[in-house]
Amino acid sequence: RKVTVEVLDHLERLALVDFRDSEGIERLQKAIQFADQLHEVNTDGVEPMDSVLEDRCLYLREDDVTEGNCTKELLKNAREKVEEYFVAPPGNIPLPKLEERETFLQGS
Amino acid sequence: GAWKGGLRFQVSAALKEGRVTPTELCQRCLSLIKSTKFLNAYITVAEETALKQAEESEKRYRRGQPLGVLDGIPIAVKDNFNTAGIETTCASNMLKGYVSPYNATVVQKLLDQGAVLLGKTNLDEFAMGSGSTDGIFGPVRNPWSYSRQYKEKSVPKSHSEDKDANWVITGGSSGGSAAAVSSFTCFAALGSDTGGSTRNPAAHCGVVGLKPTYGLISRHGLIPLVNSMDVPGILTRCVDDAAVVLGSLAGHDPKDSTTIQDNFKPFELPNLTDVSKFLIGIPKEYHAPGLSSEILALWSKAADLFKNAGAKVIEVSLPHTRYSIVCYHVLCTAEVASNMARFDGLEYGHRSDMNKSTESMYAATRREGFNDVVRGRILSGNYFLLKQNYENYFIKAQKVRRLIANDFVKVFRSGVDILLTPTTLSDAVPYMEFIKEDNRTRSTQDDILTQAANMAGLPAINVPTALSERGLPVGLQFIGRSFQEKQLLTVAKWFEKQVKFPTIQLEEVKRHNHGVFQHQKSASFS
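Residue numbers (my numbering), protein chains in the order written: chain V, 450 to 557; chain G, 168 to 693.
Simulated from the structure, these hints should not be mistaken for lab results. Even for Gly, the Cβ is constructed at its ideal location relative to N, Cα and C. Don't take each hint at face value.
Coverage of chain V stretches by chain G, computed from C-beta distances (three or more under 8 Å per stretch; other residues unrestricted) [to be verified]:
id : stretch
1  : 466–475
2  : 481–494
3  : 539–549
Computed spacing ranges between beta-carbons, pair by pair [unchecked claim]:
id : chain 1 : residue 1 : chain 2 : residue 2 : range
4  : G       : Val266    : V       : Arg469    : 40 to 46 Å
5  : V       : Glu503    : G       : Gly185    : 47 to 53 Å
6  : V       : Lys521    : G       : Ile562    : 24 to 30 Å
7  : G       : Gly457    : V       : Asp470    : 26 to 32 Å
8  : G       : Glu223    : V       : Arg469    : 44 to 50 Å
9  : G       : Glu482    : V       : Glu516    : 50 to 56 Å
10 : V       : Asp485    : G       : Gly457    : 46 to 52 Å
11 : G       : Gly185    : V       : Glu472    : 58 to 64 Å
12 : V       : Asp512    : G       : Glu558    : 31 to 37 Å
13 : V       : Glu503    : G       : Pro268    : 47 to 53 Å
14 : V       : Leu507    : G       : Lys577    : 24 to 30 Å
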């Protein structure tokens, strides 16, 4: 069962990471094959486990402000900023379609 | 030096008595870091701040008011922990130049105890790997590659350069930290452990590597890989030292809601002489394919050691062991897909020049910032999380996780106190051989004996046991019950005492040999 180009394209959009070359795609195929071994295990009646600490109560602290006011510190690490804003390129523009993108998948 | 296995100088005592000063100790370590630069164990050496910390410590000792056993002790931290004012890179282009605005809780705790932070150690990029070979700063070399013990066993080559070509890996992903401790450039180091990343390099570098119970030590400030499995790891030269470091780190942290709220009391390890009350379990599934006959023999010898000392030793079964790696593969990539989403160039780290749209900027940033291993795991993770796959892969893996965890519960419930297993399948392989296989294949092979403890959240420790035929360290692993670190470390300490693992004989260390440096060569600081 091979992964379709549609799924690969979909993954590139979701992950915002690209399959740089055929090795990347092969890597995914192998990863899926490897994961398929899970289906050998009988898990009837078994609940999924989110955390090994599932039997304990999660700690919730009081809703008090204990720290903050570190705008300057935090902005130090950003490359593009204006006053107290992080600056992003225009949004609401989807990634170009497969044919227009610089991606290895174009060949498929 | 006159140091012999079994006799221990106590650095802390020496500091207290004024036989050595914190600044002297710090300078020795910094100097040794320089002369062992070829190991590539450190990414950043924080020389100025370290010396300042040492000076402050010295003032406290002169006043007769040291903060504790760790005051003035040089330590190193894996470069995936945030350290205020010091670059934190995760060995990735994505975070090159990133200077943390805060200290990870564990780092803060060590500094509050007066420890001297020498620098940040090398790792596989974003802690993904089992060799410490896949970071942007290059691979870490195992100090034992340069030991007399290894060189004696190597086939002699015609040129002196060739000795370099045969160097072996540290294991990973906390290879830098393991190498730093192993080569005496620090007395303790922090690593992280998600699938064995502290215990694996500990075994290959001949040091103690402790993976604490999940929830015991805060992960705040540890750049996350797998939130449900990551723990900070402790690397030291002896079990007593690991107990001291554990004592300063464990306990609830309001900044990490996955730390348990139970009161944690630091403990001193008793000098156990009678092991007859212990029931040691030997899980038969850990006789994994590929386990070297050497390690199998050592494991067997260790079991006999316990038997002859009066302990009860029985074979047990953890039937789902062989699915642990597959399960890990799915859960890890899924959590990685989520955790790596934060790296988009907007707030910190690398940012691409691509400016057409937010999405294309993110995509270009991540394309430029991450290596193949990281990108591969993100893509796999996203695949397993797709709507059509979620139930069959992610949820399925979570169910298998419960089965793996239950295997341990059953065994411990039957009365077993501690499990004894090998840590790695073989001793450290030469780098040239290691890179012949890809990262995922290697990780799959190398994590097989360590991963299940992360799956179940249990504490586990590597204790250096003996040298292989090639003159390289081999360790054995003890796995304990949840939050029973005291019992685990007590047994580990007893075992350590029995096996008397030899000291590494390094030329560089010998060259620094004079009075003060005796403390360097001693195993412990506590």
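Hints and how they fare:
As drawn, the stretch 466–475 of chain V meets chain G at 6 residues by the rule of a beta-carbon pair under 8 Å; at three or more, the given contact holds. Remark: the stretch 481–494 of chain V is confirmed as covered by chain G, as 9 of its residues place a Cβ nearer than 8 Å to a Cβ of that chain, reaching the required three. With 6 residues having a beta carbon nearer than 8 Å to a beta carbon of chain G, the stretch 539–549 of chain V meets the requirement of three or more and the stated coverage holds. Range check, Val266(G) to Arg469(V): about 29 Å between beta-carbon atoms, so the 40 to 46 Å window is missed.
As the Cβ distance of Glu503(V) to Gly185(G) is approximately 51 Å, the hint placing it in 47 to 53 Å holds. Against the hinted window of 24 to 30 Å, the Cβ-Cβ separation of Lys521(V) and Ile562(G) comes to about 44 Å, which falls outside the hint. At about 30 Å, the CB distance of Gly457(G) to Asp470(V) agrees with the hint of 26 to 32 Å. In this structure the hint that Glu223(G) and Arg469(V) lie 44 to 50 Å apart at CB holds, the actual value being about 48 Å.
The given range of 50 to 56 Å is respected by Glu482(G) and Glu516(V), whose C-beta atoms sit roughly 52 Å from each other. With their beta carbons about 21 Å apart, Asp485(V) and Gly457(G) fall outside the hinted range of 46 to 52 Å. Evaluation of the 58 to 64 Å hint for Gly185(G) and Glu472(V) yields a pass: the beta carbon distance comes to about 60 Å. In this structure the supplied range 31 to 37 Å holds for Asp512(V) paired with Glu558(G), their Cβ-Cβ distance being about 36 Å.
About 33 Å separates the C-beta atoms of Glu503(V) and Pro268(G), a value inconsistent with the hinted range of 47 to 53 Å. Checking the proposed 24 to 30 Å range against Leu507(V) and Lys577(G) shows it holds: the Cβ atoms sit about 27 Å from each other.
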